[in-house]
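First to last, the sequence lines map onto chains A and B. Heads up: the first sequence is residues 5 to 499, going by the numbering used here. Heads up: the second sequence is residues 7 to 357, going by the numbering used here.
Derived from the structure by calculation, the hints contain no laboratory data. For each residue, glycine too, the CB sits at the ideal point set by N, CA and C. Hints should not be assumed to be uniformly reliable.
As the list claims (entries may be wrong) - Calculated lysine to aspartate or glutamate pairs in the EDC-like style (CA-CA distance at most 20 Å, straight line):
{"hint": "1", "chain 1": "A", "residue 1": "Lys195", "chain 2": "A", "residue 2": "Glu183"}
{"hint": "2", "chain 1": "B", "residue 1": "Lys238", "chain 2": "A", "residue 2": "Glu329"}
{"hint": "3", "chain 1": "A", "residue 1": "Lys351", "chain 2": "B", "residue 2": "Asp324"}
{"hint": "4", "chain 1": "A", "residue 1": "Lys207", "chain 2": "A", "residue 2": "Asp238"}
{"hint": "5", "chain 1": "A", "residue 1": "Lys207", "chain 2": "A", "residue 2": "Glu174"}
{"hint": "6", "chain 1": "B", "residue 1": "Lys238", "chain 2": "A", "residue 2": "Glu326"}
{"hint": "7", "chain 1": "A", "residue 1": "Lys365", "chain 2": "A", "residue 2": "Glu376"}
{"hint": "8", "chain 1": "A", "residue 1": "Lys135", "chain 2": "A", "residue 2": "Glu124"}
{"hint": "9", "chain 1": "A", "residue 1": "Lys168", "chain 2": "A", "residue 2": "Asp71"}
{"hint": "10", "chain 1": "B", "residue 1": "Lys239", "chain 2": "A", "residue 2": "Asp216"}
{"hint": "11", "chain 1": "A", "residue 1": "Lys276", "chain 2": "A", "residue 2": "Glu265"}
{"hint": "12", "chain 1": "A", "residue 1": "Lys24", "chain 2": "A", "residue 2": "Asp71"}
{"hint": "13", "chain 1": "A", "residue 1": "Lys252", "chain 2": "A", "residue 2": "Glu492"}
{"hint": "14", "chain 1": "A", "residue 1": "Lys351", "chain 2": "A", "residue 2": "Glu341"}
{"hint": "15", "chain 1": "B", "residue 1": "Lys239", "chain 2": "A", "residue 2": "Glu326"}
Stated by the list, open to error - Which chain A residues face chain B? A few, computed with CB under 7 Å, are given here:
{"hint": "16", "residue": "Pro328"}
{"hint": "17", "residue": "Val332"}
{"hint": "18", "residue": "Val349"}
{"hint": "19", "residue": "Gly371"}
Here is what each chain is made of, one letter per residue.
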Amino acid sequence: MAQNMLLEMHHVSKTFPGVKALQDIQLEIQHGEIHALIGENGAGKSTLIKILSGVYQPDEGAEIFIDGELQKDITPLGSLKHGIAVIYQDFSLFPNLTVAENIAMVSRIGRKTKIINWKETHNIAKNALAKLELELPLGTTLSELSVAKQQLVAIARAFVNDVKLIVMDEPTSALSRGEVESLFSIIRNLKERGISILFISHKLDELFAISDRFTILRDGKYIGTFGEEELDDDRLISLMVGRRIEYKIFDKRTLNDPLFEVHNLNKAGNFKDISFTLNRGEILGITGLVGAGRSELAQAIFGLSPSDTGEILLDGEPLHIESPEQSVAHGISYIPENRLTEGLVLKKSMTDNICLTVLNKISNNRGLIGKEAQHELVDTWIHDLNIKPNLPNMIASKLSGGNQQRIVLSKWLATEPKILIVDEPTNGIDIGAKADIHQLLRDLSEQGMSIIVISSELPEILAIADRVLVMRRGRIAATLDGKNLTQEEIMKEAL
Amino acid sequence: MEQNTQQTVENEKKGLRKLFGKFHLETKELVLLWIFLGIFILMSIISPGRFLSVYNLQSMAYQFPEFGILALSMMVIIVTGGINLSITYSATLASILGAVVMVSMNKAGAPELASVLVGVFIIIVASLVTGAVNGLIVAHIGIVPMLATLGTMTLFEGISLNITKGGAISGFPNMFQWFGNSSIIGIPVPLFIFVLVIIATYFILQRSTFGAKVYMIGCNPTATRFSGINVKKTLFLLYVYSGLLTGLAGLVMASRYNSAKESYGYTYLLQSVSAAVLGGTDISGGFGKVFGTVISVLILQVISSGLNIFGVNRFITDVIMGMILILVLTINFINNKREEKALVTKKIVTA
Numbered sequence: 005m006a007q008n009m010l011l012e013m014h015h016v017s018k019t020f021p022g023v024k025a026l027q028d029i030q031l032e033i034q035h036g037e038i039h040a041l042i043g044e045n046g047a048g049k050s051t052l053i054k055i056l057s058g059v060y061q062p063d064e065g066a067e068i069f070i071d072g073e074l075q076k077d078i079t080p081l082g083s084l085k086h087g088i089a090v091i092y093q094d095f096s097l098f099p100n101l102t103v104a105e106n107i108a109m110v111s112r113i114g115r116k117t118k119i120i121n122w123k124e125t126h127n128i129a130k131n132a133l134a135k136l137e138l139e140l141p142l143g144t145t146l147s148e149l150s151v152a153k154q155q156l157v158a159i160a161r162a163f164v165n166d167v168k169l170i171v172m173d174e175p176t177s178a179l180s181r182g183e184v185e186s187l188f189s190i191i192r193n194l195k196e197r198g199i200s201i202l203f204i205s206h207k208l209d210e211l212f213a214i215s216d217r218f219t220i221l222r223d224g225k226y227i228g229t230f231g232e233e234e235l236d237d238d239r240l241i242s243l244m245v246g247r248r249i250e251y252k253i254f255d256k257r258t259l260n261d262p263l264f265e266v267h268n269l270n271k272a273g274n275f276k277d278i279s280f281t282l283n284r285g286e287i288l289g290i291t292g293l294v295g296a297g298r299s300e301l302a303q304a305i306f307g308l309s310p311s312d313t314g315e316i317l318l319d320g321e322p323l324h325i326e327s328p329e330q331s332v333a334h335g336i337s338y339i340p341e342n343r344l345t346e347g348l349v350l351k352k353s354m355t356d357n358i359c360l361t362v363l364n365k366i367s368n369n370r371g372l373i374g375k376e377a378q379h380e381l382v383d384t385w386i387h388d389l390n391i392k393p394n395l396p397n398m399i400a401s402k403l404s405g406g407n408q409q410r411i412v413l414s415k416w417l418a419t420e421p422k423i424l425i426v427d428e429p430t431n432g433i434d435i436g437a438k439a440d441i442h443q444l445l446r447d448l449s450e451q452g453m454s455i456i457v458i459s460s461e462l463p464e465i466l467a468i469a470d471r472v473l474v475m476r477r478g479r480i481a482a483t484l485d486g487k488n489l490t491q492e493e494i495m496k497e498a499l
Numbered sequence: 007m008e009q010n011t012q013q014t015v016e017n018e019k020k021g022l023r024k025l026f027g028k029f030h031l032e033t034k035e036l037v038l039l040w041i042f043l044g045i046f047i048l049m050s051i052i053s054p055g056r057f058l059s060v061y062n063l064q065s066m067a068y069q070f071p072e073f074g075i076l077a078l079s080m081m082v083i084i085v086t087g088g089i090n091l092s093i094t095y096s097a098t099l100a101s102i103l104g105a106v107v108m109v110s111m112n113k114a115g116a117p118e119l120a121s122v123l124v125g126v127f128i129i130i131v132a133s134l135v136t137g138a139v140n141g142l143i144v145a146h147i148g149i150v151p152m153l154a155t156l157g158t159m160t161l162f163e164g165i166s167l168n169i170t171k172g173g174a175i176s177g178f179p180n181m182f183q184w185f186g187n188s189s190i191i192g193i194p195v196p197l198f199i200f201v202l203v204i205i206a207t208y209f210i211l212q213r214s215t216f217g218a219k220v221y222m223i224g225c226n227p228t229a230t231r232f233s234g235i236n237v238k239k240t241l242f243l244l245y246v247y248s249g250l251l252t253g254l255a256g257l258v259m260a261s262r263y264n265s266a267k268e269s270y271g272y273t274y275l276l277q278s279v280s281a282a283v284l285g286g287t288d289i290s291g292g293f294g295k296v297f298g299t300v301i302s303v304l305i306l307q308v309i310s311s312g313l314n315i316f317g318v319n320r321f322i323t324d325v326i327m328g329m330i331l332i333l334v335l336t337i338n339f340i341n342n343k344r345e346e347k348a349l350v351t352k353k354i355v356t357a
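If we strip away everything but chain B, and leave its shape as in the complex, we get:
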């Protein structure tokens, strides 16, 4: 009897999995997808003229990629059971370093393309270095991620402020605007970059052997180490990847605002945690899908843009966002408890 119900549940899951097999959609992600569509349609019905306007859709499409990229850089670390508090300052430090070089090359009269290429190169390299610093401290020295990245967050902010003296760096070559403000066949370049990041992260995390190790480390680093996996190396590389993503976000932000400043995007830090967790990433590690985080980013963006259009006070928006987050987490928590309880009673029955 019990075997049978188990079997049917398992079969049902198999059916769903077949249906969405290609994208590894689980029920959690499906629910989020429906929520997103629901909110999108609701907003469209309430205010078709303004919410569904090309202008609003376009402006959203330029806004959320930087947030989305940062959310993924946060999410990959949360999957390991850690957290990366340094993402936004890593993004801005990288962009400031790139900006300084780009601006001085520009002033010295170097060709635009050359200064942009060098600038982008430096942003990418700098972000890899910030990631490596985090990886070194967390994986090799063994400091708790929250403390390690709290430290590097302050460190990166400090270095940035020393360079900018508190101001913004501007005066980029015009060509640099391409990364944040242009479009390819109607698709905004930031969105294009975001999609590439989604695909890359999906393959790295959910399809590769590297990703398989990451999830196992997130659940039980001891058993993973006992299985002959180099846990330190895996963690280190993941922090480097997280750093790389912050660099891409920094690139988009600097280009979009046409300047570089240490405080750009700092509100994204906690929103990234929200998006990851809302998207089904387990804060204690081991579980979470790229797609869930992406949909959550979209949900948060649609709500915030929608409320903005309706003229809702920015502070009220925060209240609503906070309530939504708490509600979803409560539902998840209750569901998990229920599953656990079912498991325990079943164990007693079989014993």
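Isolated chain A, as found in the complex:
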């Protein structure tokens, strides 16, 4: 058995400051096998791959064998030399270089040649493509090719060296049906020649169509490895989702007092035919996989990138929102997913950040900021949301994730919104702070605020959402009642 294994990883753990990303993971890949690595967002798939490709170093105690040989200190170049090639979601290609240069790039770096030999570059690229039985225009600039062709370039690049294992991270996410089929036939072809594939995807139908075995991760832990015949959709989903940390589950309300209505909202390439109603005092959850169009929908409503067609009604009145200023004026607030780049101005103080949305409230009619009004406002929010430390002049980047999120909440609650849209409200926040934020959202909804919570974390959605919209590939797949809802029911709609 052991001789048959191309790759064996045992006891792989990875700790980042404050987070255990991986705990005691194992992964075994046979020669000529198509192996699927699956798990929810944040399960640790990417981290594991980065260890395999040498981008991250695992914690002490990890054992990684390639062809039965124990490997120490895998470096990116070393992993290539062992025949492991990773094709990331964005391909990591150079759009401004030609196809030939892109394919030959790795060998160029590997040999540390200072001078570029154009003839050799061409030959290397030609040979790699020949091995794949593919033809691509070598002299064409990469950016002129379609996404599917670019992916082939990325695969061809792997063939410059003697490749044994190709890791593909979400290879089908940007491909059409037909392109997926032709990619699969290439993958099957590779398999016949004894090359192994580690395939990462969210699309279960595709995984079942092509994979021999599945390794499942959940919350950075190893759940198990299963043959294709041992699994079906339901079992796979329940293994992926599992049981997890329990949040306080709030009792779900049934409300019928529409405040905000969305009819047939469309945005090309992002979402299609979105219609829903948000009631006064309701918490509406929106979930789905990453890339399902959740954040895009929220940003369209908020006016950051307006939708192409469709209608939005607030209190029965049609709204025409084309910029964030307008939506703020209508009492709509949006807390973005990316706190560090979109939610906060990190280099500025708590005070500056909290006041940014309500500058007109703390200034006189000549537009000058009143220091007292400013201090009063900031002190109120620091107190109400219990932001620590209580230092209004502290730079936002120095605070913990939970307190940073409280600042973002403060700055939006200060605008006294009617509708609050929160995108991944507890992303990267410790458990205690998460519970606080759930409680806060619930309290606000009881005071009459209508809240949309976008989250990939299903336990969070189950804990606080009165109703749940599940999005799949840009459309609303289902609207579910929050009462007695289970993760499995949501996942079935999301996948």
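Mind docking chain B on chain A? Use the hints.
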């Protein structure tokens, strides 16, 4: 423990802030103030008779306002993370346009006051337009400020040269000299204008809601836009204000030299960047105080006048100025690195 040190640092800062609260002086600006006083006293000791002479002080007071106004027009843009390379040619284009009208009115025998008022009006309007052109290109079209203003710099220079054919325009009404060469109760009019510009810029940038937006845009335009701020409009208006300041500088220069020419003040362009950066303005945007830039202008002026008085070769003066700039920037850079490092280690400790 850590909380405590944090607290004391914060308390110390609070103390300082109370002391200089009214003017928002931070330590960076204080250091500059001391440097200025030090250099001033040093120059006075070395050459009390000449440096401290009324003549020298007066001549300095007529010289630095035009530079100072341009430095502020540069500084407000650097705060947004941009740069305005067109300031000096915007100043001279505005003054040339004003000059042409003023001179022809003067020749046609219009009353002096009328031609001066019309001339000044045109200078101001023209400078607002040059600012609006920059604002349009940077904020609305979205071209990188350095390239946009490099383009308008050449454009303004070209328009000016087409009007002047390379020469200087002169023959102003005598009354026009007032802006550059007279004084009110002993205070030179250019200095008076400069002080007004300082006060206005201080209120606009550091006290108003508009200024608050400008600083936030300079740090993170995305988060600012996500906060419901109209980033384009704010940037546009700021470029218009920067243009207005160049107009005032153009007015002072034209009056002081009693003529208008496209190349007047072109050495101020890079000196303005130096003054802003020396004054603590972060070239990547988001930070910088009016007071810091003003003190830096004074420092640069005192050094250049002082060295001139001592008979130091003009080229050596440039060498010295360059070295001072590099030294200050190096010190700032090292300080920032140290702060960052302290932050990182602290994060690891708390994690």
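Hints, verified against the model:
Distance hint between Lys195 of chain A and Glu183 of chain A is fulfilled; the C-alpha atoms sit about 18 Å from each other, no more than 20 Å. For the given pair, Lys238 of chain B sits about 12 Å from Glu329 of chain A by alpha-carbon distance, which is consistent with the 20 Å threshold. For the hint linking Lys351 of chain A to Asp324 of chain B, the alpha-carbon distance of about 35 Å lies beyond 20 Å, and the restraint is violated. Using a Cα cut-off of 20 Å, the hinted pair Lys207 of chain A and Asp238 of chain A holds, with the two alpha carbons roughly 14 Å apart.
Between Lys207 of chain A and Glu174 of chain A, the direct Cα distance comes to roughly 9 Å. Compliance with the 20 Å bound is thereby established for this hinted pair. In summary, the hint linking Lys238 of chain B to Glu326 of chain A is supported, as the alpha carbons are separated by about 14 Å, within the 20 Å threshold. Of the pairs offered as hints, the one joining Lys365 of chain A and Glu376 of chain A holds, with about 12 Å between alpha carbons and a cut-off of 20 Å not exceeded. The straight-line distance between the Cα atoms of Lys135 of chain A and Glu124 of chain A is roughly 17 Å, inside the 20 Å bound, and the hint therefore holds.
As the CA atoms of Lys168 of chain A and Asp71 of chain A are separated by approximately 10 Å, the hinted pair is consistent with the 20 Å bound. Annotation: proposed proximity of Lys239 of chain B to Asp216 of chain A is violated, straight-line Cα distance about 57 Å (limit 20 Å). For a cut-off of 20 Å, the pair hint linking Lys276 of chain A to Glu265 of chain A stands: about 16 Å separates their Cα positions. Taking the CA atoms of Lys24 of chain A and Asp71 of chain A, the gap is near 28 Å; set against the 20 Å cutoff, the hint is violated.
Using a Cα cut-off of 20 Å, the hinted pair Lys252 of chain A and Glu492 of chain A holds, with the two alpha carbons roughly 19 Å apart. For a cut-off of 20 Å, the pair hint linking Lys351 of chain A to Glu341 of chain A stands: about 19 Å separates their Cα positions. Restraint check: the Cα-Cα separation between Lys239 of chain B and Glu326 of chain A comes to about 15 Å, which is no more than 20 Å; the hinted pair holds. Interface restraint check: Pro328 of chain A against chain B, minimum CB-CB distance 4 Å, threshold 7 Å, status holds.
For the restraint placing Val332 of chain A at the interface with chain B, the shortest Cβ-Cβ distance is roughly 4 Å, inside the 7 Å limit, so the hint holds. A hinted interface residue such as Val349 of chain A counts as satisfied when its beta carbon comes closer than 7 Å to some beta carbon of chain B; here the least separation is about 4 Å, so the hint holds. Taking 7 Å as the C-beta contact cut-off toward chain B, the hint placing Gly371 of chain A at the interface holds, the least distance being around 5 Å.
In the structure shown, a violation is registered for the earlier hints numbered 3, 10 and 12, in ascending order.
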